[in-house]
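Taken in order, these protein sequences are the chains called Z and V. Numbers 268 to 449, taken from our numbering, label the letters of the first sequence in order. Numbers 13 to 249, taken from our numbering, label the letters of the second sequence in order.
It should be emphasised that the hints constitute simulated quantities derived from the structure, not laboratory data. Computed from a prediction, not measured in an experiment: that's the story for all the values here. A hint or two may mislead.
Said to hold, decoys possible - Covered by chain V, according to a simulated footprint, are these stretches of chain Z (three or more residues, beta-carbon under 8 Å):
hint : stretch
1    : 316-326
2    : 335-341
Claimed, not checked - Non-contacting residues of chain V with respect to chain Z, defined by C-beta distances greater than 12 Å in every case (computed):
hint : residue
3    : E37
4    : P121
5    : E227
Ideal placement from N, C-alpha and C gives every residue a C-beta, glycine not left out.
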Amino acid sequence: MQLREMVERAGRGDHDAFEAVVRASAGRLYAIAYRILRDADLANDALQEALVKVWDDLPTLRDPDRFDAWAARITCRCCYRLAKRERRFALQVPADPRPDTTAFVAEVADQDEMERGFRRLSPQHRAVLVLHYYLGLTLGEVAETLDIPPGTVGSRLHYAMRSLRAALESEARTAQTWERSA
Amino acid sequence: MTREQDLERQLAEWLVYGPSTAPVEVVDEALKRTAGRPQERGIRRLLAQLGRWFQISRVTRVSALAAVLAGVLLTSVIVSAPFLGGGAAPSPTPTLGPAPSMDGQAALPVAGIATMVIESESPMRQVRSVVIDTGDPRVDGRASQDLVVLAEAANAAQLHGTMQLTNDWGAWKGQIDIVRYPSGEEYEYASLRGTDAYAGYSYAYTVHQATAEAERTVEAAIWPDEPPPLPDPSLLP
């Protein structure tokens with residue numbers, strides 16, 4: 268059965284069809300939620316909240332072919348809400364990069380810097396980056412998915428990248444200062 | 013590569029890290045919560061929206077009311093425009109090219125090869141163009157496929173998306189399912205509906221590629237009816 272047909276049936280209250288739709292799309296929605304929230308527990312909550320909302324609102328979806336974008340929008344909005352109770356970031360990499368300078372440690376350190384820089388962004392900015400750079404949506408598609416004007420997407424993308432660069436540069440300066448003082 | 017492009021590349025690579033499969037227990041819990049739960053439709057939806065309306069801030073409510081009033085005003089202006097000498101001219105009726113001729117109601121089998129080029133790719137999406145050559149000009153042409161990764165496991169990936177095959181007389185539009193194996197083997201199933209000169213006709217095909225370098229063979233059929241449903245993904249090879 269096609270996804271479109273399953274979405275149509277789910278919109279008419281068919282729970283079996285809804286389960287098929289959920290099993291087919293939950294991975295993608297979870298990937299979005301995790302990357303915006305950067306926290307597995309929050310992403311779990313966002314996904315669950317989003318799936319319940321999808322079930323509630325499916326009768327209002329006019330074009331079943333737009334299901335992916337529509338469900339992604341609901342997921343992003345759940346992420347915005349949950350991001351308000353985002354916890355402090357717990358470091359997942361060694362705090363001291365000095366003992367080893369191998370490529371692996373350098374890579375992990377780079378990832379950690381990116382993680383911290385990304386976490387400084389607002390959830391709305393993170394969502395634009397995730398949809399554009401991870402899902403590969405064009406700016407027009409991001410606008411359609413988030414239901415915001417294309418100009419706003421461009422502006423959020425610009426400011427998000429600028430903030431990310433500033434955060435990474437700040438991280439680099441802090442690391443240099445720390446190395447000099449060590 | 014510029015500094016900006018370098019950061020974009022780093023970000024795209026970094027975003028790949030992380031899960032792309034939802035925890036089963038979370039999905040099961042969501043399904044449990046929705047089982048037996050009525051969907052918001054009709055009066056129930058209206059009541060739910062009203063309930064939420066009273067939970068939102070006063071500023072938001074005032075802004076929404078202002079937007080509604082502006083909408084009503086705008087609508088009244090548009091509705092009255094024709095009576096004021098405005099209004100758009102009616103659009104011309106489209107003319108269609110020659111309709112495909114087929115004898116009887118039987119499906120017409122076609123076979124050939126497909127050449128695929130990946131136009132853009134990200135971890136969860138692939139946009140590609142496919143040139144289909146079967147010798148039947150009605151179903152030959154360049155197709156665009158826009159695919160999202162539905163599931164990815166160590167032994168296979170499943171993609172789903174939309175496809176449009178266009179040629180001089182019209183277009184075939186529909187959905188497509190793909191199963192891809194790490195060896196490069198790929199099965200592609202498309203179920204397409206004709207438009208323009210092909211309106212009322214359906215075109216379904218399977219493409220098989222044995223290895224990443226092998227030729228992509230097409231087996232297809234055209235018939236005057238609705239397109240068939242795509243096969244159940246769990247039954248795919």
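Each hint, compared with the structure:
1. 316-326: holds (count 7)
2. 335-341: Since 1 is below three, the answer is violated.
3. E37: 9 Å, violated
4. P121: At roughly 22 Å from the nearest Cβ of chain Z, P121 of chain V sits farther out than 12 Å, so the non-interface label holds.
5. E227: Fine: 28 Å to the nearest Cβ keeps E227 of chain V off the interface.
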